[in-house]
Structures are given as structure tokens and as C-alpha cells.
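Student: Please take these sequences and the hints and turn them into a complete structure.
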Amino acid sequence: MGTGSRPTGSRSTSGYSAWRMIADELRGEIVGGTVPPGSKLASETELAQRFDVHRHTVRQAVAALAADHLVVARRGSGTFVAEHTVLVHRIGLRTRLTDSLGPRGAAASGRLLESAVETAPPADIAERLRLADRPALRLELVRSVDGLPIARGTAWLDAERVPGLVEHYGPEGSMTAALRAVGIQDYLRDSTMISGRAATAAEAAELELPAGSMVLVVRALNTLPEGSPLLYNVTRFAAARVELDVQHSIDAP
Numbered sequence: 002m003g004t005g006s007r008p009t010g011s012r013s014t015s016g017y018s019a020w021r022m023i024a025d026e027l028r029g030e031i032v033g034g035t036v037p038p039g040s041k042l043a044s045e046t047e048l049a050q051r052f053d054v055h056r057h058t059v060r061q062a063v064a065a066l067a068a069d070h071l072v073v074a075r076r077g078s079g080t081f082v083a084e085h086t087v088l089v090h091r092i093g094l095r096t097r098l099t100d101s102l103g104p105r106g107a108a109a110s111g112r113l114l115e116s117a118v119e120t121a122p123p124a125d126i127a128e129r130l131r132l133a134d135r136p137a138l139r140l141e142l143v144r145s146v147d148g149l150p151i152a153r154g155t156a157w158l159d160a161e162r163v164p165g166l167v168e169h170y171g172p173e174g175s176m177t178a179a180l181r182a183v184g185i186q187d188y189l190r191d192s193t194m195i196s197g198r199a200a201t202a203a204e205a206a207e208l209e210l211p212a213g214s215m216v217l218v219v220r221a222l223n224t225l226p227e228g229s230p231l232l233y234n235v236t237r238f239a240a241a242r243v244e245l246d247v248q249h250s251i252d253a254p
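This note's numbering applies: residue 2 is where the sequence shown begins, and numbers increase by one.
Bear in mind the hints are in silico, worked out from the structure with no lab data behind them.
Among the hints, a few may not be true.
Now the in silico label distances, taken between C-beta atoms and shown as ranges [claimed, not checked]: (1) G171 / D100: 16 to 26 Å; (2) G197 / H55: 25 to 35 Å; (3) V247 / E227: 22 to 32 Å; (4) E84 / E128: 40 to 50 Å; (5) R181 / L114: 36 to 46 Å; (6) D134 / S110: 49 to 59 Å; (7) K41 / V87: 39 to 49 Å; (8) E141 / S192: 18 to 28 Å.
Ideal placement from N, C-alpha and C gives every residue a C-beta, glycine not left out.
Tutor: What follows is the structure in C-alpha cells.
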């Protein structure tokens, strides 16, 4: 194939790493079905010629695909496209990760990395949750499916509204189950903002992503059915593993 205007070397003129651009293009071909599961990926030499880069750059791109479980190397045979399914997380009035993933939701789990009661939470958190001078409960979480991390989240709640939540989240691994355990049976999505950026070094490590991978950042406010703020989440989804489907219709109760 022709090289077109793709950058030579390890970095494009825009500052976006060449290996990342190559990984993104190959990922699109794999997820889109142009290169189906079981197919042999072009060799490093062929890919280097296609993209007009060094083989080392291609090797970084393929390593990123392998980290996302999209390709697998077979010694002596080459690299092959793996069976894969990009997860679709549906964001609606009642957004529950376990439910939105359909059959894959049964394989979802949560892990609490850290929790703290913040007597002086950030001003924007205090405003969103209408805390006045009350403390906020902060939870740092990782959500996984089949053992593969897909999301790194920070959850903020009114600490006085959810006493004992941390103890219930630990064994359950589910925010919804933990809230039910402290008497909150239902909550609704009030607002959602989505953006994209490169993962920080810490996020890449926690999500088991190659350095420079992209994350989808979802900032969401959830309220009680009567409208009082309950939960503010900032969740970073591994962009190569999750698609976000924003539902405009109202969910059934």
C-alpha cells in the first residue's frame, strides 16, 4: 500500500506518536471487521513499509493491540487477530455498568483502591453535591470485566447520607448494591459530560494500558428520584475497550 502522508519516524509533526496513530488505525480495522478474528496480521516489515516508519515503531503499535487483547503472538507463526468484543456501556436515566453490559455484565467486578472522608472537598464537588459545610466521601475504584480493567473511577458522595457505604462496597464490588445496603434503593442520572485525553501514567498502570493510550472521561451527576444530588462520578474508560452509547429515551422504572 502507499504511504500517503503518514509520518516517518516515531512522532508526527502534530506531536501525536506515530505508533499510537498506527495502533488506532489497525484497531479500527480489527474492531470494524476488515481484519477478522483468526487472520494473520501483516509482518513488522510489511507494516513498516505500509506506514513508512521504523520496525520499532510498528512493534510499539502491535504491543498496544496485544495489551488490549486484540492480537496474540504465536511463536514461529506470527501475530494473529484474537477473538474480541469491544464492550458497549449504555448511559441512560438509570446507568448501571453491570446491567448495561448485557450478558457480559455478569463478569464485571469492582475493586476499591482507596476511600477517604474529605472535610474540605474541592469547591466544585461541594457545589454539585450541595454539601454546604458537610464532608464528602471519596472512593477510588477500578472496574473490570473478565479480569481486564476497563474503567478507573473517582466517586464522591455526601458522607453523612451514606454511613457504612465503604464496608458494603468492599465485598459487593458494586456501587448500586452498596447504596441499597445503606437504604438507597434507586438513583437517576442527571447529567453526563464526555471528553477524551491521553491516560496519565497512573491511569495507564491501573488500567494495564500502554503509555500514551487514550481514555474516555465521563463526568456524571446522579440524584435521588426526588432530585437531591447523591453521587458525582469521574470515570476514565479505556477507549480501546469500551464504547459509550448515550441513550436519549427514558428507561423503564
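Student: Has the hinted range 16 to 26 Å been met by the Cβ atoms of G171 and D100?
Tutor: holds (21 Å)
Student: For D134 and S110, compare the CB-CB distance with the range 49 to 59 Å and indicate the outcome.
Tutor: violated (36 Å)
Student: Do the Cβ positions of E84 and E128 conform to the proposed distance bound of 40 to 50 Å?
Tutor: holds (46 Å)
Student: Does the beta carbon distance between V247 and E227 stay inside 22 to 32 Å, or does it fall outside?
Tutor: Given range 22 to 32 Å: holds, Cβ gap about 24 Å.
Student: Quick one: are E141 and S192 within 18 to 28 Å, going by C-beta?
Tutor: The hint (18 to 28 Å, Cβ to Cβ) holds, given that E141 and S192 are roughly 22 Å apart.
Student: Is the distance from the Cβ of R181 to the Cβ of L114 consistent with 36 to 46 Å?
Tutor: violated (22 Å)
Student: Cβ-Cβ distance between G197 and H55: within 25 to 35 Å?
Tutor: holds (27 Å)
Student: Should the hint that K41 and V87 are 39 to 49 Å apart at their CB atoms be regarded as holding?
Tutor: violated (21 Å)
Of the numbered hints given earlier, the model fails hints 5, 6 and 7; all others are met.
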